[in-house]
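Number of protein chains: 4
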Amino acid sequence: MTVIPASHRDIAHIGHVELLTPKPDESLWYFRDLLGMEEAHREGGSVFLRGWGDYAASTLKLTEARIAGVGHVSWRAFSPEALERRATVIEATGLGIGWTNGDFGHGRSYQFNDPDGHVMEVYYEEDRYVAPDGLRSALHNQPMKYTGRGIGVRRSDHLALTCRDVAANREFMQVNLGCMLREQIRFENGEVEVGSWMSTTAVHHEVAYVRDNSDLSGRLHHFALWVDNREDVLRAADIFMENGIFIEAGPSKHNNSQAFYLYSHEPGGNRVEVYNAGFMVFAPDFEPVIWDEDNRSGGVYWGQKLPDSFRSYATPVADESMVDADAPVIDPI
Amino acid sequence: MTVIPASHRDIAHIGHVELLTPKPDESLWYFRDLLGMEEAHREGGSVFLRGWGDYAASTLKLTEARIAGVGHVSWRAFSPEALERRATVIEATGLGIGWTNGDFGHGRSYQFNDPDGHVMEVYYEEDRYVAPDGLRSALHNQPMKYTGRGIGVRRSDHLALTCRDVAANREFMQVNLGCMLREQIRFENGEVEVGSWMSTTAVHHEVAYVRDNSDLSGRLHHFALWVDNREDVLRAADIFMENGIFIEAGPSKHNNSQAFYLYSHEPGGNRVEVYNAGFMVFAPDFEPVIWDEDNRSGGVYWGQKLPDSFRSYATPVADESMVDADAPVIDPI
Amino acid sequence: MTVIPASHRDIAHIGHVELLTPKPDESLWYFRDLLGMEEAHREGGSVFLRGWGDYAASTLKLTEARIAGVGHVSWRAFSPEALERRATVIEATGLGIGWTNGDFGHGRSYQFNDPDGHVMEVYYEEDRYVAPDGLRSALHNQPMKYTGRGIGVRRSDHLALTCRDVAANREFMQVNLGCMLREQIRFENGEVEVGSWMSTTAVHHEVAYVRDNSDLSGRLHHFALWVDNREDVLRAADIFMENGIFIEAGPSKHNNSQAFYLYSHEPGGNRVEVYNAGFMVFAPDFEPVIWDEDNRSGGVYWGQKLPDSFRSYATPVADESMVDADAPVIDPI
Amino acid sequence: MTVIPASHRDIAHIGHVELLTPKPDESLWYFRDLLGMEEAHREGGSVFLRGWGDYAASTLKLTEARIAGVGHVSWRAFSPEALERRATVIEATGLGIGWTNGDFGHGRSYQFNDPDGHVMEVYYEEDRYVAPDGLRSALHNQPMKYTGRGIGVRRSDHLALTCRDVAANREFMQVNLGCMLREQIRFENGEVEVGSWMSTTAVHHEVAYVRDNSDLSGRLHHFALWVDNREDVLRAADIFMENGIFIEAGPSKHNNSQAFYLYSHEPGGNRVEVYNAGFMVFAPDFEPVIWDEDNRSGGVYWGQKLPDSFRSYATPVADESMVDADAPVIDPI
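Residue numbers (numbering that gives the first Met the number 0), protein chains in the order written: chain A, 0 to 332; chain B, 0 to 332; chain C, 0 to 332; chain D, 0 to 332.
The reader is advised that the hints may include incorrect statements.
[Stated by the list, open to error] Cut-off 27 Å, straight-line C-alpha distance, at most; resulting in silico cross-link-like pairs (DSS-like, lysine-lysine): (1) C:22 - D:144; (2) A:144 - B:22; (3) D:144 - B:304; (4) B:144 - A:144; (5) A:304 - D:144; (6) C:304 - B:304; (7) C:144 - D:144; (8) C:144 - A:144; (9) C:304 - A:304; (10) D:304 - B:144; (11) A:22 - B:304; (12) D:22 - C:144.
No lab work stands behind these hints, which were simulated from the structure alone.
All chains, please: the whole structure from these sequences, using the hints.
The following block contains the structure:
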């Protein structure tokens with residue numbers, strides 16, 4: 000009997016993400032009152048948040064820290080056996096950190112670094128959200144009430160990480176987590192890989208790696224949350240403007256992914272995207288789409304061009320002197 | 000020099016509306032927390048509310064009362080002289096009540112009854128809304144911040160009244176307030192007028208009269224609030240369902256007016272419509288559109304048919320025995 | 000090394016569907032001019048159609064026939080090996096028909112019957128669409144130009160089949176094709192299964208089985224096409240009305256799946272759904288949602304209730320005498 | 000009896016607009032196949048077009064010409080008497096041209112120049128559109144079938160003209176046509192008027208004048224067409240991209256007017272806006288909103304900033320040497 004390569008289906012989907020913020024109260028206001036997320040738990044210096052459509056107890060851990068950035072990124076395994084397999088494989092790469100007892104809402108996890116130094120983990124056990132009184136939905140198959148507060152993001156969607164070597168990180172994710180490659184930006188006759196988008200599901204991408212033009216490692220380009228339609232993205236722009244939130248780009252349509260986006264900076268400094276649409280990939284033999292200097296049009300299909308800050312701004316923030324001002328503006332959707 | 004008939008342009012637009020509710024707290028929750036209106040003032044047993052786009056200080060007066068219904072309906076005159084002219088003309092009809100000193104947000108008004116007994120008034124002086132700190136919009140030409148709370152209705156739009164003699168009330172409004180007729184439902188070879196829609200502006204209608212199939216007078220069919228797009232109407236349906244609000248009809252598209260609607264009952268019992276779209280009328284020689292038994296399709300172009308309750312339910316609520324069960328279901332958009 | 004059960008991931012996604020129509024010209028007009036699909040090929044009595052976002056050369060085969068219904072339903076295997084595995088397993092059930100040389104746009108397939116007698120097939124080789132001059136998209140990652148003709152459906156999405164024994168057909172699909180169960184309607188204390196929704200991807204469902212209340216077998220309840228937003232569903236209602244297409248239900252929101260729907264009958268008689276939204280399932284341990292007599296509300300969350308015809312109408316059309324008039328109205332989203 | 004100043008209500012609304020194009024076939028393709036307008040008539044070198052919601056027989060006259068620009072702009076009088084009054088008043092200004100016998104779809108008109116030299120006319124008689132077989136709407140109150148072709152603009156909306164003296168042209172329109180001032184851009188402590196928006200109805204603006212930074216007169220900044228929702232504006236961007244139409248700005252939200260816009264260049268060179276939303280003005284004592292160097296933010300609330308070409312590009316196109324490169328970018332919504 001032919002065996003499906005284990006790496007190919009051991010990860011079910013991206014899990015929760017931890018963001019670090021030096022302004023925890025203001026960041027919480029942004030995620031809870033403007034984006035409309037719900038606080039599910041609070042522990043230590045962290046608040047655990049969720050969108051109304053997230054099935055997990057929490058998908059965003061917001062942690063007070065000296066500087067902004069990403070704490071860790073988690074991936075849910077398909078089964079307990081898949082978790083063990085992934086831990087074994089990753090350990091063999093030498094980038095393993097070790098087992099944890101898990102955090103709020105999920106069981107033990109195997110932590111590791113990607114080649115650029117971001118902290119990641121794989122886990123299997125996930126607590127399904129059980130809404131308390133007052134937050135139960137009238138819809139039997141919806142995890143939580145749609146409260147109508149602010150933008151009302153449905154769920155955490157994806158994130159983009161910067162790194163100094165896109166190819167190395169991309170390959171690590173393909174080989175060890177079974178990520179499927181969807182789109183790439185390759186410059187100089189395809190020899191320089193400056194961005195790669197990957198997913199473990201039919202969703203276009205769950206993680207992107209884009210070239211970091213500074214000397215820093217382990218940085219976050221942005222974290223993205225899903226809304227159900229483009230009107231909600233437009234409504235988000237109104238809500239951000241009314242509340243003094245910096246809109247860095249959009250609402251506009253990406254060429255890469257075809258999604259409709261709005262990039263803002265949450266008060267702690269992390270770039271956050273409100274996101275809808277984008278195409279899904281069902282073909283098992285999907286051929287990654289390659290964009291180059293000629294056809295990528297700055298990452299935008301129509302609408303506002305991505306600003307120069309897309310080349311340099313990531314969290315933690317780099318000193319200006321660290322950034323290569325001649326580097327291209329990459330579009331980490 | 001030719002003179003434009005004064006009646007034709009003396010009224011600038013429909014003004015505020017007063018709704019009566021036996022459940023003031025629950026009604027306030029509905030209008031403020033679900034529809035997203037803002038409380039501008041409180042006085043006696045009344046709360047004065049406004050949409051974020053209303054230029055007036057308040058457009059909805061919510062008053063505690065023994066039974067639900069409409070308190071009064073106001074019309075803003077085009078000028079102080081126009082107000083005097085209208086008062087004189089109306090007084091001559093014998094339906095005048097007299098002058099008031101005005102209420103919160105507007106100056107003296109001339110009150111009167113329409114033939115069916117609804118209380119109305121004409122006034123000129125209107126306080127423009129000045130947003131307090133925390134409610135000022137980032138948009139220089141927007142009266143108030145878009146708060147992102149609940150449905151977020153932009154402004155009060157129109158209302159529909161029931162009456163025992165549609166033709167008499169329609170003529171009264173045309174002759175004395177200069178309302179322009181837009182659409183009608185006429186049955187029995189056009190001899191029986193069962194509904195008429197009128198406006199003093201380019202907006203399709205500001206007031207509708209539909210036949211009351213009970214013996215009662217002065218009743219309200221519904222009050223309508225405007226949202227900027229159909230997605231907000233759909234979002235309103237989610238918010239109503241999540242909060243146990245009765246949805247009586249929609250979201251669907253009217254044939255009459257072409258608008259997109261959602262009818263709910265606010266906790267006090269009044270029927271409230273969340274409303275978008277509809278065509279505007281610019282032609283000075285517009286010919287009213289007539290619907291009859293054959294072409295009106297129950298008032299619906301597509302979507303949910305209007306239920307039987309549209310024939311009988313109005314506030315104050317009639318005793319079942321008062322209602323003519325054979326009367327047609329009229330669509331008071 | 001632990002092996003993932005082969006049945007679980009051998010099918011990549013639902014493939015093309017063949018619909019039968021006694022009015023081929025009118026049906027073609029409906030799919031091409033109203034839905035906005037593109038003709039990719041014509042052969043014998045069949046026209047091969049596609050949505051602008053379909054990656055395959057064709058996803059809908061429209062075939063002239065004496066009566067309306069579904070010709071066959073195809074499933075794309077994950078790999079050549081997966082195809083062989085599925086053929087072996089299905090052959091062992093006794094419901095196998097045998098190998099074909101494939102049809103326009105795809106390679107050899109293994110055909111079989113589901114227990115109710117619908118013809119299905121599994122295949123692996125799929126021709127990617129290559130747009131001819133004039134139909135190439137300005138978007139490098141989009142298979143075809145968005146032409147702006149009619150509704151502009153993006154892609155074929157799912158279908159619902161009627162059957163006399165839902166449990167038997169549902170189990171067959173789970174065991175032999177690895178379909179994952181998403182939602183069910185179970186009556187009489189859960190003992191009577193009247194509807195089941197399944198998928199092989201993160202998309203909510205690709206196929207549904209609902210109880211056929213007639214004596215007929217192998218019937219189609221509906222075929223569904225995806226549009227990118229709810230405004231396109233509303234726009235579809237306008238286009239159907241303007242062209243005399245019967246709208247059977249909607250636009251409204253399902254409770255099951257949470258999707259936004261519009262059901263029409265194409266001129267050949269088959270029920271066709273224009274479809275958007277619905278939740279995705281990422282959890283590997285997702286627990287199927289069960290609806291019963293008490294909580295299912297006629298399959299509608301808000302909007303137009305599903306009409307009685309949902310109990311009886313399927314293609315081929317049954318004689319009235321064959322239909323159990325007391326059967327519940329099932330919602331095959 | 001007090002008389003309403005005749006100038007105040009003599010004009011009912013803006014009428015048809017004539018655009019000149021050096022590429023009549025390509026321009027017709029743009030308006031008919033991409034915007035989805037309908038050809039109502041053809042005569043000489045002109046094609047008369049209409050949106051599906053326009054009540055008049057035609058609202059856009061597209062005329063072959065050596066260079067692009069605006070042919071003439073018409074205003075419909077409220078009555079025959081109002082037409083005579085306006086002709087008398089305008090003749091007295093010395094800018095009158097004289098009476099015409101009218102053009103396709105409307106009766107005699109009085110033509111004149113505005114101070115900058117644009118040709119305008121006032122008329123009263125307007126042929127209501129009567130749809131031929133195949134173009135009749137299923138909606139009894141809709142002038143024409145919604146065909147579902149391309150963007151599907153509902154109606155002609157407004158236009159913006161450039162001029163060398165905004166104040167002079169604005170005053171001319173206020174005094175002689177009764178236009179009501181809505182918003183202005185005033186620089187240098189309010190002393191330099193660089194843009195003014197006006198209307199004769201509750202619609203935000205029907206005409207705008209913005210400063211021409213060249214030596215040319217009688218130029219067009221843009222012509223705008225209305226769609227019913229923002230999704231149609233976004234859809235328009237897709238359609239323009241797919242057909243090689245230059246998108247100059249948007250989709251974005253204006254601050255002035257609050258409207259949602261998309262600016263393209265039709266093949267003949269004229270700038271055309273696809274337009275939705277914007278606030279309506281009902282207050283008879285509305286105070287014009289003034290924007291200055293500090294608060295206008297380049298005319299954009301959120302989304303793509305207006306490009307430099309907004310300062311210089313108008314039709315007929317100016318020689319580069321004619322344009323003041325230091326002039327501010329004005330936003331003629």
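Results for each hint:
| no. | hint | verdict |
| --- | --- | --- |
| 1 | C:22 - D:144 | 25 Å, holds |
| 2 | A:144 - B:22 | 25 Å, holds |
| 3 | D:144 - B:304 | 22 Å, holds |
| 4 | B:144 - A:144 | 25 Å, holds |
| 5 | A:304 - D:144 | 37 Å, violated |
| 6 | C:304 - B:304 | 10 Å, holds |
| 7 | C:144 - D:144 | 25 Å, holds |
| 8 | C:144 - A:144 | 39 Å, violated |
| 9 | C:304 - A:304 | 45 Å, violated |
| 10 | D:304 - B:144 | 22 Å, holds |
| 11 | A:22 - B:304 | 52 Å, violated |
| 12 | D:22 - C:144 | 25 Å, holds |
Violated hints, listed in ascending order, are 5, 8, 9 and 11; each of the other numbered hints is respected by the structure.
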